[in-house]
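Engineer: For the sequence shown, position 64 matches number 64 in the numbering used here, and the numbering has no gaps at all.
Take these hints with a grain of salt, some might be off.
Said to hold, decoys possible - In silico BS3-like links for lysine-lysine, alpha-carbon gap of 30 Å or less: (1) Lys68 to Lys34; (2) Lys109 to Lys3; (3) Lys109 to Lys395; (4) Lys3 to Lys68; (5) Lys34 to Lys174; (6) Lys34 to Lys3; (7) Lys106 to Lys395; (8) Lys125 to Lys109; (9) Lys227 to Lys62; (10) Lys489 to Lys227; (11) Lys489 to Lys68; (12) Lys109 to Lys68; (13) Lys395 to Lys68; (14) Lys62 to Lys109; (15) Lys227 to Lys395; (16) Lys62 to Lys3; (17) Lys68 to Lys28.
What the hints assert, rightly or not - Restraint ranges, calculated between C-beta atoms of paired labels, are given here: (18) Pro119 to Arg194: 31 to 39 Å; (19) Phe458 to Pro184: 21 to 29 Å; (20) Phe458 to Gly171: 40 to 48 Å; (21) Phe124 to Asp147: 42 to 50 Å; (22) Pro15 to Gly484: 54 to 62 Å; (23) Thr419 to Arg36: 48 to 56 Å; (24) Pro108 to Arg194: 19 to 27 Å; (25) Pro184 to Arg431: 39 to 47 Å; (26) Cys199 to Pro480: 29 to 37 Å; (27) Glu411 to Arg189: 23 to 31 Å; (28) Glu411 to Pro9: 23 to 31 Å.
None of these hints come from the bench; they were simulated from the model. Even glycine gets a Cβ: it sits at the ideal position worked out from N, Cα and C.
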Amino acid sequence: GMKVEVLSPSPEPVPAGDGKGMATFGLKVGLSYKLRVYDIPDRPGVELFPVVDMLGHLHRPKGIDPAKYPIRIVFREDDITDAAGRGLLVTQVVYLEDPDQAVPIKLPKDEPPFVTLGPAEEPFKVARALGRVVAIVRIGGRMPTPDELTGPAGVGLGNIPCPFMNTVGDGPCKLPCGPVCGTPPPPGRPWLPRDEYLCDGGDRAEPVHFAGDGGLAGIDPRDTIVKFTADNRPRVLPTNIVCVYAPRFASVRVAIGVTEALNAAHLSSANLLQRMELTANRQGPKKLDQKQVAGQNRLREKASGLSTRVFVGEHSEIRVLGGFDTRLNVASHQLIQGVDRKSAVQKAGLMKAKIKADGLKSAESPVSTGIVEGASQAVMTWPPLDVTGVEVPPKKPGLAVIKRDDASEAESGDTLTYTINYRNMGNTPIRAVSITDSLLPRLEYIPNSAQGPVGTVFTFGENRTGALELRYDLPGAIAPGAEGFVTFKVIVR
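Take these sequences, add in the hints, and give me the full structure.
Structural biologist: Structure, rendered in structure tokens:
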């Protein structure tokens, strides 16, 4: 029964949405709008005048109805009670959730999740850390003056150009935009609004690797990994990334009163008195006596009685001229070699050789004829050799994995079906195959929806990062050319 209207500036015409009684308005980004809320149940005569600052917008793909994903601003019972009954100023900061940091709870699409902060926390700073801020809503119990109600149009909030690229492919976004959450891409690459998509699969953040305990490390809530054994070596292969357009908004709120953020401090009446202290450090003379008696350690050495005498002529050496002569006479040996005639007679022979198949070769050699001329003449003929064989290629494993989904967009409450196809593209069997899929916080696994080949062992639970992990252990080995798939269903939160 509550009614909401936009006072100024005038809203733009937009589709009514799904027709379930929701008030839908077209508000321009960069303007501040004044609203009126009246006919509040159980509060007769009470009117509230919220102010909405529009800071951001979505970049919908081509063909999506703008009314399907509106920015939802909700006035809850606590907001009305705090503003109208307690005289507090309630501030809501609506933001587009970062899919990696989304709250893992399932709510109706018309009831986005929210978190209430303490008076000392800054709602804008918290919302910006969790996603991209799109609107700021302030609602209080103060009645505006007639001049404020009939005053000029909404105050401009600046005209900051949007850094994102349009998803329809027509260049940069031309609308103004508020603060953008995320890391800019490298120069020359477009900056896409990835926070509007649920992208699952692949291997992002820290690369997946084998830990010291034999398990996998580096799996985050978005990865989909296939672990297998080939050539007696464990290997890891990521799948492709699958994206679904499914933006979800959330908000943080804080209620502050007149004295909620008042820090009153009285004048300090404590005096710190320090008396002068007389410190006397008196040191009397110290008498240090060092007495050393005459040393009684004496070293006495007698004169050495060792004498060395060398008498003259005690050793004599006499050398005379050597009487050894070496004589070389003229050699009288002669080598006489007469004319030698040697004949070699060789008959024509048929040479055969057997060569086994060594590879994939087809060799045909031409007929070779050799003529040896000399004392005798021989003609030798080699027939052609025809060798044909089959070369066995080396064993190389090759596993192809593709992840698919059955929808390109989804709202909260929709069901998605993911399928992971695999095929052995190599020429050697692949063993010990296991498929591991970690789900995003906004994807809720539907129990008993997992399917796979006969004999597949399916388990699920939290991984090291706290995300839900689905695991398929395939039976036996995957022969060359064999293929299969596993599938499961989730609900979009």
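Engineer: Which hints, by number, does the structure contradict?
Structural biologist: Numbers 3, 7, 9, 13, 16, 19, 21 and 22, in rising order.
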